[in-house]
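Residue strings, one per chain:
Protein chains: 2
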Amino acid sequence: VNEVKASIITIGDELLIGQTIDTNSAFIAQELNKIGIWVRRRLAIGDVEADILKSLKEETISSKIIIITGGLGPTGDDITKQVLAKYFNSGWTINEEALKNVVDIFNKLNRPLIERNLKQAEVPDNCTVLQNKRGTAPGMWFEKDEVIVISLPGVPNEMKGLMIDSVIPRLKKLRLPYVIHRTLLLAGKGESEVAELIKSYETSLPEHIKLAYLPAYGLLRLRLTGKSENGEFLEREINTLFQQLVQMVQPWIIAEDDITVPMALIRILNKHGKTIGTAESCTGGFIAQQITAIAGASNVYNGSIVSYSNSVKEDLLGVKEETLRSFGAVSEETVTEMLLGLISKLNTDYGIATSGIMGPGGGSDQKPVGTVWIAVGNRESIMTNKYQLRFNRERNIEQTAYLGMVSVFKFIKEVEGQ
Amino acid sequence: VNEVKASIITIGDELLIGQTIDTNSAFIAQELNKIGIWVRRRLAIGDVEADILKSLKEETISSKIIIITGGLGPTGDDITKQVLAKYFNSGWTINEEALKNVVDIFNKLNRPLIERNLKQAEVPDNCTVLQNKRGTAPGMWFEKDEVIVISLPGVPNEMKGLMIDSVIPRLKKLRLPYVIHRTLLLAGKGESEVAELIKSYETSLPEHIKLAYLPAYGLLRLRLTGKSENGEFLEREINTLFQQLVQMVQPWIIAEDDITVPMALIRILNKHGKTIGTAESCTGGFIAQQITAIAGASNVYNGSIVSYSNSVKEDLLGVKEETLRSFGAVSEETVTEMLLGLISKLNTDYGIATSGIMGPGGGSDQKPVGTVWIAVGNRESIMTNKYQLRFNRERNIEQTAYLGMVSVFKFIKEVEGQ
Numbered sequence: 015v016n017e018v019k020a021s022i023i024t025i026g027d028e029l030l031i032g033q034t035i036d037t038n039s040a041f042i043a044q045e046l047n048k049i050g051i052w053v054r055r056r057l058a059i060g061d062v063e064a065d066i067l068k069s070l071k072e073e074t075i076s077s078k079i080i081i082i083t084g085g086l087g088p089t090g091d092d093i094t095k096q097v098l099a100k101y102f103n104s105g106w107t108i109n110e111e112a113l114k115n116v117v118d119i120f121n122k123l124n125r126p127l128i129e130r131n132l133k134q135a136e137v138p139d140n141c142t143v144l145q146n147k148r149g150t151a152p153g154m155w156f157e158k159d160e161v162i163v164i165s166l167p168g169v170p171n172e173m174k175g176l177m178i179d180s181v182i183p184r185l186k187k188l189r190l191p192y193v194i195h196r197t198l199l200l201a202g203k204g205e206s207e208v209a210e211l212i213k214s215y216e217t218s219l220p221e222h223i224k225l226a227y228l229p230a231y232g233l234l235r236l237r238l239t240g241k242s243e244n245g246e247f248l249e250r251e252i253n254t255l256f257q258q259l260v261q262m263v264q265p266w267i268i269a270e271d272d273i274t275v276p277m278a279l280i281r282i283l284n285k286h287g288k289t290i291g292t293a294e295s296c297t298g299g300f301i302a303q304q305i306t307a308i309a310g311a312s313n314v315y316n317g318s319i320v321s322y323s324n325s326v327k328e329d330l331l332g333v334k335e336e337t338l339r340s341f342g343a344v345s346e347e348t349v350t351e352m353l354l355g356l357i358s359k360l361n362t363d364y365g366i367a368t369s370g371i372m373g374p375g376g377g378s379d380q381k382p383v384g385t386v387w388i389a390v391g392n393r394e395s396i397m398t399n400k401y402q403l404r405f406n407r408e409r410n411i412e413q414t415a416y417l418g419m420v421s422v423f424k425f426i427k428e429v430e431g432q
Numbered sequence: 015v016n017e018v019k020a021s022i023i024t025i026g027d028e029l030l031i032g033q034t035i036d037t038n039s040a041f042i043a044q045e046l047n048k049i050g051i052w053v054r055r056r057l058a059i060g061d062v063e064a065d066i067l068k069s070l071k072e073e074t075i076s077s078k079i080i081i082i083t084g085g086l087g088p089t090g091d092d093i094t095k096q097v098l099a100k101y102f103n104s105g106w107t108i109n110e111e112a113l114k115n116v117v118d119i120f121n122k123l124n125r126p127l128i129e130r131n132l133k134q135a136e137v138p139d140n141c142t143v144l145q146n147k148r149g150t151a152p153g154m155w156f157e158k159d160e161v162i163v164i165s166l167p168g169v170p171n172e173m174k175g176l177m178i179d180s181v182i183p184r185l186k187k188l189r190l191p192y193v194i195h196r197t198l199l200l201a202g203k204g205e206s207e208v209a210e211l212i213k214s215y216e217t218s219l220p221e222h223i224k225l226a227y228l229p230a231y232g233l234l235r236l237r238l239t240g241k242s243e244n245g246e247f248l249e250r251e252i253n254t255l256f257q258q259l260v261q262m263v264q265p266w267i268i269a270e271d272d273i274t275v276p277m278a279l280i281r282i283l284n285k286h287g288k289t290i291g292t293a294e295s296c297t298g299g300f301i302a303q304q305i306t307a308i309a310g311a312s313n314v315y316n317g318s319i320v321s322y323s324n325s326v327k328e329d330l331l332g333v334k335e336e337t338l339r340s341f342g343a344v345s346e347e348t349v350t351e352m353l354l355g356l357i358s359k360l361n362t363d364y365g366i367a368t369s370g371i372m373g374p375g376g377g378s379d380q381k382p383v384g385t386v387w388i389a390v391g392n393r394e395s396i397m398t399n400k401y402q403l404r405f406n407r408e409r410n411i412e413q414t415a416y417l418g419m420v421s422v423f424k425f426i427k428e429v430e431g432q
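As given, the protein sequences belong to chains A and B, one line each in that order. Residue numbering for the first sequence follows the numbering used here, starting at 15 and increasing by one per position. Residue numbering for the second sequence follows the numbering used here, starting at 15 and increasing by one per position.
If we strip away everything but chain A, and leave its shape as in the complex, we get (with noise of 0.2 Å):
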């Protein structure tokens, strides 16, 4: 397959100290492949003249589509556009439009325009320029020896506006291969006993099949990619195959195509026509913010109880004093309680509830950090659960979110039998 390989460089000096995370690649290399481009190398860099020249030299030797991000700010660290110029050789020019477009920008927020800001106006002028709605600073396209250079601006939502505005329908032009990703979304087997059950049939695929093993949160992906340049029968080979890994793994799949488990939730909600609500302590929100991070979660969620003190637990949730007392508040009592009286107030027909010690402190003998009770259920039945969890406090509570959510799966599939 005659492949077209592309580079993401993304510039910055905050990524390189490590401030920002970077999520502008994942989001490139994910739509760069939904259009038959195959990202080969990302680069993170600094804001530094000689290591951008550098970078897009190399680059440019094994790559045919170059997408840079970062550095078109209006402040002095920002050296992209600059350096761009000159690896270019271009002049300057004031591109009308974006001009007009930072003006408006600034009358709408009522802010002072400045000398500084209508610089953001002026770009090479051997580029194509990409305007930006969503902020003052244009992505450039050029094109030199074949090789396509993109440079957009590094702030998340312009970078994607101008991705799915511009750069797309602009790349589609190209002609390219076709490759197609199937999904599969597993629960309750690791990975490594995933590889051993489907140990043949994945040494037997063909070699422009690939597959790969995503584990997260407790959770495992199995992805078959294929490229090919025939699409029709690409997509007919890899249906059959992905069938066949479906019959192999089927007691653990949540969903069979790519997407999250909040998305596979809330599917399967709409789908039975039930509601559901969360009471939330070691949580605290996490499972509600999961939810209700997905357009449309209002037809099936209705809310949350965060219920931090114990305090919140007694009045909002009926949590019995005693109970905390006997039991403590990290207990099965407890947590079965919450649930009642969370499906009780928020009036839904499931719940999930959540109670543990997330660390780094509050853990004990008895109940070590990583302790976490999660009751799911509706107002007939409930399924408890106890996990000792053994990572940091952060994937502590992601991991007992996802554990929370996945738990319903099975209670609507081993206790509602559906």
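None of these hints come from the bench; they were simulated from the model. Be aware that a few hints might be false.
For lysine-lysine, the following DSSO-like pairs were computed, each having C-alpha atoms within a straight-line distance of at most 27 Å [claimed, not checked]:
1) A:400 - B:147
2) B:224 - A:100
3) B:100 - A:213
4) B:71 - A:71
5) B:158 - B:71
Just a few of them, taken from the derived set where beta-carbon distance is under 7 Å, the chain A residues facing chain B [said to hold, decoys possible]:
6) 32
7) 33
8) 37
9) 49
10) 59
11) 276
12) 282
13) 302
14) 306
15) 309
16) 321
17) 324
18) 405
19) 409
In silico negatives: residues of chain A with every beta carbon more than 10 Å from chain B [as the list claims (entries may be wrong)]:
20) 65
21) 273
22) 350
23) 426
Everything numeric in this text was worked out from a predicted model, so none of it was measured. For glycine and all other residues, C-beta sits at the position ideal for the given N, C-alpha and C.
Dock chain B against chain A, hints included.
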């Protein structure tokens, strides 16, 4: 300054197709930075032998320390260990301690131990093994031609454990220059306005001290970074410069160190001995999650009522049905009643209430997507603010949450005059 330069190479196809966001690099960069090692390049490449070998060769030209993560799993697509053995011309050996660790982990998990897993304890015979207590893949430390190459697993908590327990202590033994960061967190003033305000200060900074602007969530971080052989002198110098900066931007300062907004909020509440709770409609628990992510939040944070549906707003927060009917859920009247209900139900000193239309659906001519009402206050006084955001759903939620938290500082400063 004689800088020790490092490169980070993350290996894994999942990074190149954008399925995984790389949080490891940021963590590694931060930890290296603290001990005066400067990351000059970060690189993400696929599980491809030629690419790994090429990147290793390239990076050793300008970096003395190379940290590699990923590709150490038990499955077929993981090849990092094999490629490193090839690169360093190694034979193979079983590391007894690593083997014992693999066996222990499988015993604890009560999972079947298969050949594939035992292989995890096999390592190149010319590396120093860094024992990994959190997983089955040991870390590896190679030295050749004065370059150090360190291989770590890609699972974040395993990588973090190895960095803190093994890598950093070993690297500290090298002779390193001093790096000092000082950070200010500002709210309510844009990047270019601040840049204009401190223009002459910025241009007069000495060569070895840099100023960076780091905007995030509508807030702005200003960071001074100094590097020197003389730590004591640098500390005095950067303290003086930092105090000058503080003077110039005093009215917008939320914190004078590198902490997050939720951390700053917990700190100011602790200082005043006050508690807070949240009533979240459009933020869906995001504020709760951000606050409870921080250890010790329970001193000041009681909990949240995530009132995603109107019935929860009425039943749990006591918002009047008439208020919802006359003014709608996204209105000054509703967030005011949400706040009052919250403070009384959760018995907190302060509260934050949010209601808005986060998109992509749900907007109208009168209340377009991005319309947000926020109320903050205590039993005596309430401050309400309306915002019109123009991002996507995810960003609108984050921005609203941060505006809500920042409003508490404003309330304490302006309404309570503290």
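Here is how each hint holds up against the structure:
1. Distance restraint check for residue 400 (chain A) and residue 147 (chain B): the Cα-Cα separation of roughly 23 Å lies within the 27 Å cut-off, and the hinted pair is therefore satisfied.
2. About 24 Å separates the Cα atoms of residue 224 (chain B) and residue 100 (chain A), which keeps this hinted pair within 27 Å; it holds.
3. Restraint check for residue 100 (chain B) and residue 213 (chain A): satisfied, since their Cα atoms lie roughly 25 Å apart, inside the 27 Å limit.
4. In summary, the hint linking residue 71 (chain B) to residue 71 (chain A) is supported, as the alpha carbons are separated by about 17 Å, within the 27 Å threshold.
5. The hinted pair formed by residue 158 (chain B) and residue 71 (chain B) meets the criterion: a straight-line CA distance of about 12 Å does not exceed 27 Å.
6. Taking 7 Å as the C-beta cut-off, the interface hint given for residue 32 (chain A) holds, the closest approach to chain B being about 3 Å.
7. Among the interface hints, the one on residue 33 (chain A) holds; its C-beta lies about 6 Å from the nearest C-beta in chain B, closer than the 7 Å criterion.
8. Hint on residue 37 (chain A) holds. Least Cβ distance to chain B is approximately 5 Å, under the 7 Å limit.
9. Evaluation of the residue 49 (chain A) hint against chain B yields a violated restraint, the C-beta minimum of about 13 Å exceeding 7 Å.
10. Using the Cβ-Cβ criterion of 7 Å, the hint placing residue 59 (chain A) at the interface with chain B is satisfied: the shortest such distance is roughly 6 Å.
11. Given hint, residue 276 (chain A) at the interface with chain B, is violated; its Cβ is 11 Å from that chain's nearest Cβ, farther than 7 Å.
12. The interface hint given for residue 282 (chain A) is violated, since its Cβ lies 18 Å from the closest Cβ of chain B, which is over the 7 Å cut-off.
13. A least Cβ separation of about 3 Å between residue 302 (chain A) and chain B falls short of the 7 Å threshold, and the interface hint therefore holds.
14. Taking 7 Å as the C-beta contact cut-off toward chain B, the hint placing residue 306 (chain A) at the interface holds, the least distance being around 3 Å.
15. Here the hint on residue 309 (chain A) is kept, as its CB sits about 6 Å from the closest CB of chain B, short of 7 Å.
16. Here the hint on residue 321 (chain A) is kept, as its CB sits about 5 Å from the closest CB of chain B, short of 7 Å.
17. The interface hint given for residue 324 (chain A) is broken, as the beta carbon of that residue sits about 10 Å from the closest beta carbon of chain B, more than 7 Å.
18. Checking residue 405 (chain A) against chain B: minimum C-beta separation of about 5 Å stays under 7 Å; hint holds.
19. Among the interface hints, the one on residue 409 (chain A) holds; its C-beta lies about 5 Å from the nearest C-beta in chain B, closer than the 7 Å criterion.
20. Here residue 65 (chain A) does not stay apart from chain B, with its beta-carbon only about 7 Å from theirs, under the 10 Å limit.
21. Under the 10 Å C-beta cut-off, the non-interface status given to residue 273 (chain A) relative to chain B holds; the minimum distance is some 12 Å.
22. Against chain B, the non-interface label of residue 350 (chain A) holds: every CB pair exceeds 10 Å, the least being about 19 Å.
23. The claim that residue 426 (chain A) is not at the interface with chain B holds, since no C-beta of that chain comes within 10 Å of its own (minimum 21 Å).
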